[in-house]
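> Since the structure of chain A is already known, use the hints to place chain B on it.
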Amino acid sequence: DAGITQSPRYKITETGRQVTLMCHQTWSHSYMFWYRQDLGHGLRLIYYSAAADITDKGEVPDGYVVSRSKTENFPLTLESATRSQTSVYFCASAQGREKLFFGSGTQLSVL
Amino acid sequence: QKEVEQNSGPLSVPEGAIASLNCTYSDRGSQSFFWYRQYSGKSPELIMFIYSNGDKEDGRFTAQLNKASQYVSLLIRDSQPSDSATYLCAVNENAGNMLTFGGGTRLMVKP
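The listed protein sequences correspond, in order, to chains A and B. For the first sequence, my numbering begins at 152 and goes up steadily by one. For the second sequence, my numbering begins at 13 and goes up steadily by one.
Extracted from the complex, chain B is given alone in its bound form:
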């Protein structure tokens, strides 16, 4: 059974701080990794994806992947109250499979 684990939170950070969201996965053969953001009462939206070990930056967001340790992280710099949402990690073992989603981490950014 493939598993994707996230701390449910809430993770509370002050405005302007760095928010660090973590995700671990059980399948060592996993190849692609995604972060979706879901505002309360809304649908998930894709914000980042990463395929290779290391960091990938997009604006205030950085995805970090460490396949040896089987974790993927999302850093949000200069956090804003508008970043308050649930962040879902999703993992795919290979191109032939469907995504497996974690339960999500709720982030609260306090002004």
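Isolated chain A, as found in the complex:
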């Protein structure tokens, strides 16, 4: 029982390229979240989803796109990567909005 898994674990890309980070959960949690974690800024919410086909912006959504066609998957796409998007990205899921379970993270470097 993997719980919540993210892939890839590490990713290096170049500015302007499209990148998709994957997130899969096996708990059938209603809510899924994408956060980025940067030194000096802590965890910041990018997008979240309350259910399949329902998504909403968080604190820092610009430059990112999400979709949720199935309850268990919540991919995050950087349409045209920029250096400022170099970060550690965490996916999380929860039955409600508060008691989050986090994936292991994706370390993304944009060169």
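Don't read these hints as lab results, they were simulated from the structure. Treat the hints with care, since some could be wrong.
[Claimed, not checked] Capping the alpha-carbon separation at 27 Å, the derived lysine-lysine pairs in DSSO-like fashion look like this:
1. Lys221/A with Lys162/A
2. Lys208/A with Lys250/A
3. Lys208/A with Lys54/B
4. Lys122/B with Lys68/B
5. Lys250/A with Lys79/B
6. Lys162/A with Lys208/A
7. Lys68/B with Lys250/A
8. Lys122/B with Lys79/B
9. Lys162/A with Lys54/B
10. Lys68/B with Lys79/B
11. Lys250/A with Lys221/A
12. Lys208/A with Lys221/A
13. Lys250/A with Lys54/B
Relative to chain A, chain B alone:
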């Protein structure tokens, strides 16, 4: 703008001592409060939550909430080197909102 503030540390305590981690928040209407622990290079994990004024104990951990003064604390008794991690405070204004995370306090427990 909702704010959750934590001293970034590091907070250094000797093994066996009590570690006291503090968090202040700006939104007086905040209703629920969480502590997440994050080991270096790992993802955050929920360790405590508290909703009412006062203390809540779970093993060696005690969460303390004072809504009048707008702070929440985490006490770790009999600190162990394995408690060395970054502790993230998270606050929710009400059930309809998302969590706001503080920047975290790095705790170092020295043998």
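> Starting from Lys250/A, check that the Cα of Lys221/A is at most 27 Å away, please.
21 Å, holds
> Compare the distance between the alpha carbons of Lys68/B and Lys250/A with 27 Å, and conclude whether the hinted pair is satisfied.
Holds, because 17 Å separates the two Cα atoms, which is no more than 27 Å.
> Given the hint that Lys250/A pairs with Lys54/B, does the C-alpha gap stay at or below 27 Å?
17 Å, holds
> Hint check: Lys208/A vs Lys221/A, CA-CA at most 27 Å. Holds or violated?
18 Å, holds
> Tell me if the straight-line CA distance from Lys122/B to Lys68/B falls inside 27 Å.
Holds, at roughly 26 Å.
> Could you grab the alpha-carbon distance between Lys221/A and Lys162/A and see if it respects the 27 Å cut-off?
Since the Cα atoms of Lys221/A and Lys162/A sit roughly 24 Å apart, the hinted pair holds (cutoff 27 Å).
> Mind checking the alpha carbons of Lys68/B and Lys79/B for me, to see if they're no more than 27 Å apart?
14 Å, holds
> Take the C-alpha atoms of Lys162/A and Lys54/B, compute the straight-line distance between them, and say whether it is at most 27 Å.
16 Å, holds
> Going straight from one Cα to the other, do Lys122/B and Lys79/B come out at no more than 27 Å?
32 Å, violated
> Given the hint that Lys208/A pairs with Lys250/A, test it: the Cα-Cα distance must not exceed 27 Å.
19 Å, holds
> Can the restraint linking Lys162/A and Lys208/A be considered satisfied, given a maximum Cα separation of 27 Å?
24 Å, holds
> For Lys250/A and Lys79/B, compute the direct alpha-carbon distance and say whether it is at most 27 Å.
Roughly 20 Å between the alpha carbons, so the hint for Lys250/A and Lys79/B holds.
Hint check: a violation occurs at hint 8 only; the rest are consistent with the structure.
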